[in-house]
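Peer 1: Letter by letter, the chains look like this.
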Amino acid sequence: MNFEWPYKNEFYETEYLECDVLVLGGGLAGCNAAIAAARRGKRVILVEKGATERSGAAGTGFDHWESACTNPCSLVTPKEIAEAYVDEQCGYSNGPAHYIECREGYDRLCDIESFGGKIRDTDDEFAGAAFRDEKTKLLFAYDYKNRFTIRVWGSTFKPALYRELLRLGVRVYDRVEATKLLTVTENGKKRAVGACGMNVRTGKFYVFAAKSTVLAMSRPARIWLFSPDMVGLSEFRPTQSIGSGHAMGYRAGMEFTMMEKSVKGEFSAAGRSFPPYGTGNNHNTWYAATMVDARGVEIPYVDRDGNELKTVLERYMPAPGQKFFLKGGVIDDPKYEYRGPETLPFDELIKRGYELPFYADLSRMPDEERHAIWGLMVGEEGKTKIPIYENYTERGFDPTRHRLQSYGTGWQSASFLPQERQLFGAPGGIWHDWDLKTNIDGVYAAGDQLFASDCAGFACATGYYAGRKASAAADTTDILPVSADEIDEERERLYAPMYSRGGMDWRELNMAIAKAMQNYCGGVKCDALLREGLDLLADFEKNALPEITCKNPHELMRTHEVADILTVSELIMHACMARRSSSVPLCFERTDCGGAVDPECDRRFITVRKENGKIVEGSHPLDVFGDLESEYEKRNADYIESEQKGDYRKNER
Amino acid sequence: MNDKMINLTAETVPCHTRPIIIDAEKCVGCLRCVNVCQVDVLLPPPNGEKAPVAAYPGECWYCGACVMACGTGAIKLRHPLMNRARFVER
Ligand SMILES: Cc1cc2nc3c(=O)[nH]c(=O)nc-3n(C[C@H](O)[C@H](O)[C@H](O)COP(=O)(O)OP(=O)(O)OC[C@H]3O[C@@H](n4cnc5c(N)ncnc54)[C@H](O)[C@@H]3O)c2cc1C
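Read top to bottom, the protein sequences are chains A and B.
Take any residue in the first sequence, note its place counting from 1, add 19, and you have its number in the working numbering.
Take any residue in the second sequence, note its place counting from 1, add 439, and you have its number in the working numbering.
For the record, the hints were derived by calculation from the structure and aren't laboratory data.
Predicted, not measured: the structure shown is a model, and the values here were computed from it.
Idealized CB from N, CA, C, for every residue including glycine.
Do not take every clue at face value.
[What the hints assert, rightly or not] Per label pair, the in silico range of CB-to-CB distance: (1) S638(A) with A463(B): 35 to 45 Å; (2) N486(B) with A547(A): 51 to 61 Å; (3) D657(A) with M444(B): 46 to 56 Å; (4) N486(B) with S519(A): 27 to 37 Å; (5) R186(A) with N486(B): 17 to 27 Å; (6) D494(A) with G487(B): 51 to 61 Å; (7) E551(A) with V452(B): 25 to 35 Å; (8) E144(A) with G487(B): 43 to 53 Å; (9) K354(A) with A463(B): 51 to 61 Å; (10) E34(A) with M444(B): 13 to 23 Å; (11) V452(B) with K154(A): 49 to 59 Å; (12) D351(A) with N486(B): 50 to 60 Å.
[To be verified] Per the computed footprint, the stretches of chain A lying under chain B, defined by three or more beta-carbons under 8 Å from a beta-carbon of chain B, are: (13) 51-59; (14) 237-251; (15) 294-303; (16) 419-425.
All chains, full assembly: derive it from the sequences and hints.
Peer 2: In structure tokens:
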């Protein structure tokens, strides 16, 4: 069907706006950053490419909140859990951000509850359940003894945050994609003075001048995995989030770390996998579902020492002699110290005569456990409420009567090729200091844009923290003039594809990049391959990108996504070049390093950035952030003194 | 270059699946779904019609926000056939 573009044509209209704190990206991290700044009396602008009410990875929900170590029922400390996460990832983790999550995450949950989000079982649906605290009505997941992961009604969160933004007077610019950081050089050092953006429905151009800026635009995607037919199913995170925050940062000279880390694909429902949480399994949302084999024989759970567990409740308890165990988004195959109960490995099951296919059989679980998995968790997890919970129910699925099939041999129900990669499981991102400030003055980062990020609690806590630090920075500076030339150049770059007569569809280039990345930056790396790959990307940039033709602002948005994917791919290849040996924790394999795996000299955060067209490599020791607790406390006495006691919530409600 | 040179048009870009199906009888034309979709899969209908157009179905990431926002139950969101996991009587 052909028709007229239904929105206004605002190409060449430019709006100039000013604020103290500019937040780019309105997911969980961006919303919390904006709220922190607005609570401090700052004039805040939030720029969101979609619609803030339901945008981002958690737009329609998420089911569990990790590392809420300060909730009243928790038996673990922020220090214990943050340090465990860092140790679990062999040091390639984001210590400060994890500590912030562990220390402040529960404050954010209480905030969100005060905005109207549902975080506890106020309807007494689960009264008496082993995972419920009767006094606070909080529901816990995974480790029922230590109680630091909370089951939540995540589908209520984004609308509640959005209402709060409006109530606080944050100016929200929905349907505007941020495209460029505006910087000046002061005393030889870069400093951001704002950003440019474009309305993705009308083409209108924006210039946001700001004293400080928070980047919260999530992480790159569609780098190796792309389906031109089912674009939106190619990846785990939303179609909108492809790493433009990384791309604009890299172009402005921002420093990144761990970008050489990518994992063999885990979720791509356009191809090898099923919709997340839509098959029988016993991980994450489905932990600790009862699994059976083709004959209906139950698959045993064992503790970390291999002892078979007899009851369902034992699956939620640490092993004898173990203080706590870790489960959640990035915990795949944890070290002995943190390993929780798990079903026997596949090879062992086959040896013992278990037969494929396996199924999740919730009918064998106590009512409240079944209802917690299928009703609450599968109902509230990211994009499960409608496409899984409602659709499967419509198809007749009844967890008291049916078993849901599992595919292949693992919990992901999918088997990807080594070159089909994804930025998943705490990948790289923006390098920052203890204030979550980037190497560019005035620019802070939060959520999935940070290196080694992983979850909703991490996003909310780091978002709020970055908003706080960005507010403090705004107090010490003025709005600086933005360069007219820089703005004109950006407008021209943005609009150029509207004039192109090349006739190429944006998907063709995205597909070509994905193939190039699989070929030149796939399961194994070496310099010769990477150099070829960089050469090809440069060729795409010069010769293919200008060929893309657009009919309207929507296609223009997608075209710029591909331009950003191209930039991020280049960043990834340079990061791979910068790491000289293979690394197990970074899932990084080189063929031209004489077999060196994690040698002492390379056990460091390696960073890359671009300066005047040249790549600048750097590195930091893995313990560069120091003792997490004391370093945090040194810098956050104000928060601990006043806000951690809930001052804002009390004053406002 | 100036805005006069930019003429905006749209066309539905089909893909092999139909994630979003809107029941035109039930739709009241409030456009809540259009305005909540973060991917901008839906466009307001051309003149005279009520139901939005699923212009970019291939870009849908299947979050369900449109269905959740619809006050009249007019929207069905379904994964491609290949993505519907099997279940069996126990
Ligand atoms: C299916 C699914 C299930 C999950 N389940 C859980 C769970 O149960 N528990 C848990 O803890 N975590 C879960 N996660 C992870 C968690 O949702 C994310 O880590 C978290 O939401 C990240 O927040 P964020 O604000 O950093 O990014 P997002 O929430 O993704 O927000 C990024 C925002 O930036 C916007 N944006 C992107 N580019 C631009 C641009 N150029 N200009 C302006 N805006 C832009 C996007 O539109 C988006 O709204 C899940 C994720 C998914 C996808």
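Peer 1: For every hint, state whether the structure bears it out.
Peer 2: Here is how each hint holds up against the structure:
Taken as a hint, the range 35 to 45 Å is violated for the pair S638(A) and A463(B), whose Cβ atoms sit roughly 60 Å apart. Take N486(B) and A547(A): their Cβ atoms lie about 58 Å apart, and the range 51 to 61 Å holds. The hint said 46 to 56 Å for the Cβ distance between D657(A) and M444(B), and at roughly 54 Å that hint holds. Look at N486(B) against S519(A): about 30 Å separates their beta carbons, and that is inside 27 to 37 Å.
The given range of 17 to 27 Å is broken by R186(A) and N486(B), whose C-beta atoms sit roughly 37 Å from each other. Checked against the given bound of 51 to 61 Å, the beta carbons of D494(A) and G487(B), roughly 54 Å apart, stay inside it. The beta-carbon spacing between E551(A) and V452(B), approximately 33 Å, falls within the hinted interval of 25 to 35 Å. Between E144(A) and G487(B) the CB atoms are about 46 Å apart, so this pair conforms to the stated range of 43 to 53 Å.
Hint check: K354(A) to A463(B), Cβ distance near 56 Å, so the stated range 51 to 61 Å holds. Against the hinted window of 13 to 23 Å, the Cβ-Cβ separation of E34(A) and M444(B) comes to about 21 Å, which satisfies the hint. In this structure the hint that V452(B) and K154(A) lie 49 to 59 Å apart at CB holds, the actual value being about 54 Å. Range check, D351(A) to N486(B): about 53 Å between beta-carbon atoms, so the 50 to 60 Å window is met.
Closer than 8 Å: that is the beta-carbon criterion, and the stretch 51-59 of chain A has 0 residues meeting it against chain B, so the requirement of 3 is violated. Against chain B, the stretch 237-251 of chain A contributes 5 residues with a C-beta closer than 8 Å to a partner C-beta. That satisfies the three-residue criterion, and the hint holds. Requiring three or more residues with a Cβ within less than 8 Å of a Cβ of chain B, the coverage given for the stretch 294-303 of chain A holds, as 4 such residues are present. Under the rule that three or more residues need a Cβ within less than 8 Å of chain B, the assignment of the stretch 419-425 of chain A holds, with 5 such residues.
Comparing the model with each numbered hint stated earlier shows that hints 1, 5 and 13 do not hold.
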